[in-house]
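A.B. asks: Here is how the chains run, residue by residue.
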Amino acid sequence: MAKFGERLFNWFDERYKIRGFIEFMSHKSVPQHRHSIWYYFGGVSLFLFIIQVVTGILLLLYYRVGEDSSYESVQFIVSKVKFGWLIRSIHSWSANLMILAVFIHMFSVYFTKAYRKPRELTWVTGFLLLILSLTFGFSGYLLPWNELAFFATKVGTEIIGSIPVIGKELLIIVRGGEDVTGATLSRFFGLHVAILPGIFTVILFIHLLFVQIQGMSEPPEWEKLPPEKRKYIPFFPNFLLRDLLLWLIILNILAVLAVFFPWDLGKKADPFAPAPAGIKPEWYFLFMYQTLKLLPPKVLFIEGEFFGVLIFTVAGILWMLVPFWDVKTEKGYRNRLINYIGLFVLIYMITMTILGYALS
Amino acid sequence: MVQEHRSSRRNFLNYILGFGFLGWIISVLYPIIRYIIPPKIPEAKVKSVKVGKVGDFNPGTGTIFKFGNKPGILIRLETGEFRAFSAVCTHLDCTVQYREDMKAIWCACHNGVYDLNGRNISGPPPRPLEAFRVIVRGDEIYVSKEG
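From first to last, the protein sequence lines are chains A and B.
FYI, the UniProt record's numbering numbers position 177 of the first sequence as 177, with every residue one higher than the one before it.
FYI, the UniProt record's numbering numbers position 6 of the second sequence as 6, with every residue one higher than the one before it.
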């Protein structure tokens, strides 16, 4: 048997030179320090993404997009198909946990300054993955075609219309018409199951490739320690096994959430019914939603919504470019300003989210 | 001299290739972008709709009705008088509703409030609701756009 394995390995090595790759992987190591825990959240995000792909494909077997079939087919999935409720619940829960994991991953990278040279592009690709994840969430939310999703999409897309000059045209492109209708549903479906997965997979591949080539970032203070004080653990098998153990725990949490808190389907969307009370977007959009709610109708001749969108866009771009304007950390100095900005952003997001829940 | 001549010929070819490439990109992108923009579907301009019978609406209630492909709201005041507005919130496109407890028109999305004349009185709505004319002909209620 061992001989057969060896022969198989040699067969591949002769053709594809995999020995170098195996060698590289076996020497990969992960720094061990008091912030090591944050290294796991990228892996957790990846695991949850894999779950999204698997459960998403399963849902596709029964889901039928359309004003007259979307809601009905999801109802069919959760009530008639064996374990349909489980698959759908896991897809919804895993989506939310994935966004949470991505946020934790991003903030931990930010505060440990892991974005600094030479990992600028890992940060930028990571930021793009966050934006894509949010778009995944927004487009997927509409697909069951229920009341909440219908109005959330109406409001969310209407904000695009507040952009001067091109807003109206852009709104029609996003909605597939002037209103949120079956055309919007088809568009979001295509985006959610074809366009986004394609782009996401490519950028994810690049992101992971960068991480593999450069290895794990080490905190600036830790980097300055004498070599004998810096501990490493091998990636294979030590780190990988810990990763897998954590993935197993996450899978259990998911199962518990899906079983005990199954995702509600709600009422079918009716374009001629008033918006239901207590309508709110998903929690990860709540801080933006709450900000827009607090803005006056006009800010300095600019429409309130557009002003909000402008602020968030500029802030997002600055956030994405942080490795390029934080020149102090790169040179090995402490940059407290970065910490203050990060703390402000974090506290702002948390406060606005809590306000969003408390004020309704 | 020959060298210069050659390099200018090379430049010329590069320009031709460059413009060719640009043209090729545009000829690929243009149809795609035009495809993404949905065609305008001509819709019959609705001027007036029949909403129902007077007896269907109790005083102090509001009902959403179809006005073309947009929702409208018909309110019967406590006095028995009818009023009708577009039910599309002027803020972000949500559908408003009548709140008996507030004696006002309310939008659940961002807590916008309009009085019973359709004027925006609190919350984010920037403009009043578009008002419709209510015509009661015998027993039947018609709602029409002004003008």
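Derived by calculation from the structure, the hints in this document are not laboratory data.
What you are looking at is a predicted structure, and each value in this text was computed from that prediction instead of being measured.
Each residue gets a CB set at the ideal place from its N, CA and C atoms; glycine is no exception.
One thing to keep in mind: the hints can contain errors.
Stated by the list, open to error - For lysine to aspartate or glutamate, the following EDC-like pairs were computed, each having C-alpha atoms within a straight-line distance of at most 20 angstroms:
id	chain 1	residue 1	chain 2	residue 2
1	B	K70	A	D68
2	B	K40	A	D179
3	B	K70	A	E178
4	B	K40	B	D101
5	B	K45	A	D179
6	B	K66	A	E67
7	B	K70	A	E147
8	B	K45	A	E178
9	A	K267	A	E282
10	B	K47	A	E178
11	B	K70	A	E282
12	B	K70	A	E158
13	A	K168	B	E140
To be verified - Some residues of chain A that are not near chain B, with every Cβ distance over 10 angstroms (derived):
id	residue
14	K28
15	I131
16	G137
17	F151
18	V155
19	I172
20	P219
21	F261
22	T313
23	L337
24	I347
A.B. asks: Please confirm whether P219 (chain A) is truly not at the interface, meaning its C-beta sits more than 10 angstroms away from all C-beta atoms of chain B.
C.D. replies: Correct as stated: the minimum Cβ-Cβ distance to chain B is 43 angstroms, above 10 angstroms.
A.B. asks: Going by Cβ atoms, does I172 (chain A) stay more than 10 angstroms from chain B at every point?
C.D. replies: violated, 6 angstroms
A.B. asks: Please settle this one: K28 (chain A) was flagged as non-interface, so is its CB more than 10 angstroms from every CB on chain B?
C.D. replies: Non-interface label stands for K28 (chain A): nearest chain B Cβ at 41 angstroms, farther than 10 angstroms.
A.B. asks: Would you assess whether L337 (chain A), listed as outside the interface, keeps its beta-carbon beyond 10 angstroms of every beta-carbon in chain B?
C.D. replies: Fine: 34 angstroms to the nearest Cβ keeps L337 (chain A) off the interface.
A.B. asks: Would the least Cβ to Cβ distance between I131 (chain A) and chain B come out above 10 angstroms?
C.D. replies: holds, 20 angstroms
A.B. asks: According to the definition I'm using, a residue is off the interface if its beta carbon is farther than 10 angstroms from all beta carbons of the partner; does G137 (chain A) meet that for chain B?
C.D. replies: holds, 19 angstroms
A.B. asks: Regarding the pair K45 (chain B) and E178 (chain A), is the alpha-carbon distance no greater than 20 angstroms?
C.D. replies: holds, 15 angstroms
A.B. asks: For a C-alpha distance cap of 20 angstroms, please report whether K40 (chain B) and D101 (chain B) respect it.
C.D. replies: violated, 42 angstroms
A.B. asks: Does the structure keep K70 (chain B) and E178 (chain A) at a Cα separation of 20 angstroms or less?
C.D. replies: holds, 11 angstroms
A.B. asks: Taking the closest pair, is the beta carbon of F261 (chain A) still more than 10 angstroms from chain B?
C.D. replies: holds, 24 angstroms
A.B. asks: Mind checking the alpha carbons of K47 (chain B) and E178 (chain A) for me, to see if they're no more than 20 angstroms apart?
C.D. replies: It holds: about 19 angstroms lies between the C-alpha atoms, which stays within 20 angstroms.
A.B. asks: Grab the minimum beta-carbon distance between F151 (chain A) and chain B and tell me whether it stays above 10 angstroms.
C.D. replies: violated, 6 angstroms
Comparing the model with each numbered hint stated earlier shows that hints 4, 11, 13, 17, 18, 19 do not hold.
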